[in-house]
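Now for the letters of each chain:
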Amino acid sequence: MKTIRSLGVLALILILCTALICPSASAHRVIVQGRVSEIQIKAYFGGGDATPMADADVEIYAIRDGQEELYLTGKADEDGMYYFPPLIGVSEYRAVVEESGHKGEEMVNLTGGAGLAEAEQEEEGLPLTETIAGLGYLAGLAGIAMILAARKMRKQYEKE
Amino acid sequence: MVHISDGVLDPLLWEAGWAVTAIILVYALSKMKIEDVPRLSVITAAVFVVSLVHIQMGPTSVHFILNGFAGVMLGILAYPCIFVALVLQCFLFGFGGVTTIGINTVNMGIPALVAYLIFKSGTGPDISSETRKKASLSGAIAGGIAVVLALLFLAAELLTTGEVFLETTVLVVITHIPIIAVEAIFTGVIVGFIATVAPEMFRQ
Numbered sequence: 000m001k002t003i004r005s006l007g008v009l010a011l012i013l014i015l016c017t018a019l020i021c022p023s024a025s026a027h028r029v030i031v032q033g034r035v036s037e038i039q040i041k042a043y044f045g046g047g048d049a050t051p052m053a054d055a056d057v058e059i060y061a062i063r064d065g066q067e068e069l070y071l072t073g074k075a076d077e078d079g080m081y082y083f084p085p086l087i088g089v090s091e092y093r094a095v096v097e098e099s100g101h102k103g104e105e106m107v108n109l110t111g112g113a114g115l116a117e118a119e120q121e122e123e124g125l126p127l128t129e130t131i132a133g134l135g136y137l138a139g140l141a142g143i144a145m146i147l148a149a150r151k152m153r154k155q156y157e158k159e
Numbered sequence: 000m001v002h003i004s005d006g007v008l009d010p011l012l013w014e015a016g017w018a019v020t021a022i023i024l025v026y027a028l029s030k031m032k033i034e035d036v037p038r039l040s041v042i043t044a045a046v047f048v049v050s051l052v053h054i055q056m057g058p059t060s061v062h063f064i065l066n067g068f069a070g071v072m073l074g075i076l077a078y079p080c081i082f083v084a085l086v087l088q089c090f091l092f093g094f095g096g097v098t099t100i101g102i103n104t105v106n107m108g109i110p111a112l113v114a115y116l117i118f119k120s121g122t123g124p125d126i127s128s129e130t131r132k133k134a135s136l137s138g139a140i141a142g143g144i145a146v147v148l149a150l151l152f153l154a155a156e157l158l159t160t161g162e163v164f165l166e167t168t169v170l171v172v173i174t175h176i177p178i179i180a181v182e183a184i185f186t187g188v189i190v191g192f193i194a195t196v197a198p199e200m201f202r203q
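Chains as they are written, first to last, in numbering that gives the first Met the number 0: chain A, 0 to 159; chain B, 0 to 203.
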């Protein structure tokens, strides 16, 4: 009789141990919460080397119902990065970055994500297409200048 | 760093920049002869492209300007040269701003004209292979001073935006020391070379 009781206690301990060892979430509802805690702004100089705009002045404007209001001001870090928390109910922001006469701005739209997609496309390397285009424009301008100068010369000859 | 962007300066300042630029452009273009066009185009191409050569200096990025070289080589025509280069840099590379093209041209163009006067007063009217050392030295001084003047113009204009003049000037000059040195050496060497092989290019 004593042995049967001991076996019963042992079985009870085993059941309790099994219950404790089981994954804790097995009998719970899983809750996953999504929250955007901060928006990242990155500012750098274009033209090939993508040097970060370190210590640049940053102004963040919140756009609510088409009305723009200054939300935050601050400075970019040494990597040209600035982080700010979004406001509840505001999904559109305009970030203005300025440093020693250089100024740039970017629209950040949390619903469309267009601004973020553009921001991820970092410029790299020299703008070869634009450079060649510029030289082409210069050749065209030189041609126009020569036509005008030649016309001026011809008028002078005709006068003489 | 010498390209001021849109929305930084007071409108009165960039409008004044456009007015000064328009007056000098009209005068310079009235002096242009047909034989100046190829030289003007080649040096404008150099000024346009050289802005892509960047050097990272501490927290900022600096690039070559070549305004002193343009001044020495072109005289008064350096002004339209810099104007055209800045227009192309603005629309193709996004350097500076549309409204500030006039004031940016003043910042780089006036020092270019000063560089020309320094060069001419240093060399005298006759430049030849015999006087190439003098020409080279004058060219180097003109090339360096043009960059320093452009930086002083920039710092003076940023003063109106609330920047501290002395701090801004010291910062921009220190970060541009390599640019000043390289442009002075470049202008000196090229001027010396042209004085030896084709001194007639300086007879304008």
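Accuracy of the hints is not assured; some may be wrong.
[Unchecked claim] Stretch-level coverage of chain B by chain A, calculated; a stretch enters the list once three of its residues show a Cβ under 8 angstroms from a Cβ in chain A:
hint, region
1, 2 to 8
2, 14 to 25
3, 36 to 46
4, 134 to 146
5, 166 to 178
[Said to hold, decoys possible] Sample of chain A residues facing chain B (criterion: CB under 8 angstroms; computed from the structure):
hint, residue
6, Q39
7, F44
8, D78
9, P126
For the record, the hints were derived by calculation from the structure and aren't laboratory data. Note that the Cβ used here is the ideal one computed from N, Cα and C, for glycine as well.
Status of the hints after comparison with the structure:
no.	hint	verdict
1	2 to 8	holds (count 6)
2	14 to 25	violated (count 0)
3	36 to 46	holds (count 6)
4	134 to 146	violated (count 0)
5	166 to 178	holds (count 3)
6	Q39	19 angstroms, violated
7	F44	4 angstroms, holds
8	D78	10 angstroms, violated
9	P126	6 angstroms, holds
This entry does not satisfy hints 2, 4, 6 and 8, going by the numbered hints stated previously.
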